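Here the protein sequences line up with chains A and B, keeping their order. My numbering puts the first residue of the first sequence at 1, with every later residue one more than the last. My numbering puts the first residue of the second sequence at 114, with every later residue one more than the last.
Rather than coming from a laboratory, the hints here were simulated on the basis of the structure. All figures in this text were calculated on a predicted structure; none of them were measured in a lab. Keep in mind that a hint or two might mislead.
[To be verified] The list that follows gives simulated cross-link-like pairs (lysine-lysine, BS3-like), each with its CA atoms no further than 27 Å apart: (1) 155/B x 171/B; (2) 184/B x 57/A; (3) 209/B x 9/A; (4) 155/B x 9/A; (5) 118/B x 171/B; (6) 209/B x 57/A; (7) 221/B x 118/B; (8) 118/B x 57/A.
[To be verified] Non-contacting residues of chain B with respect to chain A, defined by C-beta distances greater than 10 Å in every case (computed): (9) 120; (10) 121; (11) 124; (12) 141; (13) 167; (14) 169; (15) 171; (16) 208.
No residue lacks a Cβ here, since even glycine has one placed at the ideal position from N, Cα and C.
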Amino acid sequence: DSGVTQTPKHLITATGQRVTLRCSPRSGDLSVYWYQQSLDQGLQFLIQYYNGEERAKGNILERFSAQQFPDLHSELNLSSLELGDSALYFCASSVVGLGGELFFGSGTQLSVL
Amino acid sequence: QQQVKQSPQSLIVQKGGISIINCAYENTAFDYFPWYQQFPGKGPALLIAIRPDVSEKKEGRFTISFNKSAKQFSLHIMDSQPGDSATYFCAASGGKLIFGQGTELSVKP
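All chains, full assembly: derive it from the sequences and hints.
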């Protein structure tokens with residue numbers, strides 16, 4: 001168990017809808033990262049937050065947004081969902097702001113029908 | 114320049130054999146090169162990592178070889194076991210962590 005908690009584990013929704021994925025980092029970790037994993041794209045970095053502030057941005061679509069709250073949990077919001085958004089979404093956390101070991105949650109499997 | 118290219122995509126090895134997975138990168142600003150292991154239904158977990166000031170790091174049956182001039186690094190799994198069957202990702206970081214495409218390793222008994 002990595003200590004990173006993601007909810008829900010599975011999410012099935014329809015195109016055009018909006019969903020929220022939640023992540024609780026390991027106790028003491030200030031950084032939260034979001035990754036998207038699909039068969040054809042591998043593990044794609046979406047965004048990183050450090051102590052409530054956006055630290056780095058990757059291949060995150062404009063329809064997606066994230067935030068990190070004062071208690072350090074994070075939410076990834078996906079809107080106007082398309083079939084191609086179906087993927088496994090991972091949250092990871094780390095102690096430091098850059099580099100170092102990332103601890104991954106078990107992911108949220110999103111299916112857009 | 115932000116890409117990390119990994120090969121092969123899949124690998125089948127007999128029990129007791131050596132598994133070798135290769136990665137290449139372009140960005141010379143990368144300064145941290147980890148390998149992650151992922152089992153089905155789980156998130157990736159750090160297996161072993163290296164920084165560019167050393168050419169090799171060994172932890173048990175797992176070894177990273179690093180060639181800075183060629184901008185390549187590889188993972189060697191000695192005496193491969195069926196329990197090593199998983200997907201392996203190389204990664205590189207100069208800030209944000211960029212992953213390779215992954216290698217699905219199957220170790221046959």
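Status of the hints after comparison with the structure:
1. 155/B x 171/B: holds (25 Å)
2. 184/B x 57/A: holds (24 Å)
3. 209/B x 9/A: Status holds; Cα separation ~25 Å.
4. 155/B x 9/A: With Cα atoms ~11 Å apart, residue 155/B and residue 9/A stay inside 27 Å; holds.
5. 118/B x 171/B: holds (22 Å)
6. 209/B x 57/A: holds (8 Å)
7. 221/B x 118/B: holds (26 Å)
8. 118/B x 57/A: holds (20 Å)
9. 120: Answer for residue 120/B: holds, closest chain A Cβ roughly 13 Å.
10. 121: Since the minimum Cβ distance to chain A is about 14 Å, residue 121/B lies beyond 10 Å and the statement holds.
11. 124: holds (16 Å)
12. 141: With a cut-off of 10 Å, residue 141/B remains clear of chain A, as the shortest Cβ separation is near 16 Å.
13. 167: holds (16 Å)
14. 169: For residue 169/B, whose nearest Cβ neighbour in chain A is about 20 Å away, the distance exceeds 10 Å, so it holds.
15. 171: holds (18 Å)
16. 208: Per Cβ check, residue 208/B is inside 10 Å of chain A; nearest 5 Å; violated.
When held up to the earlier numbered hints, the structure conflicts with hint 16 and nothing else.
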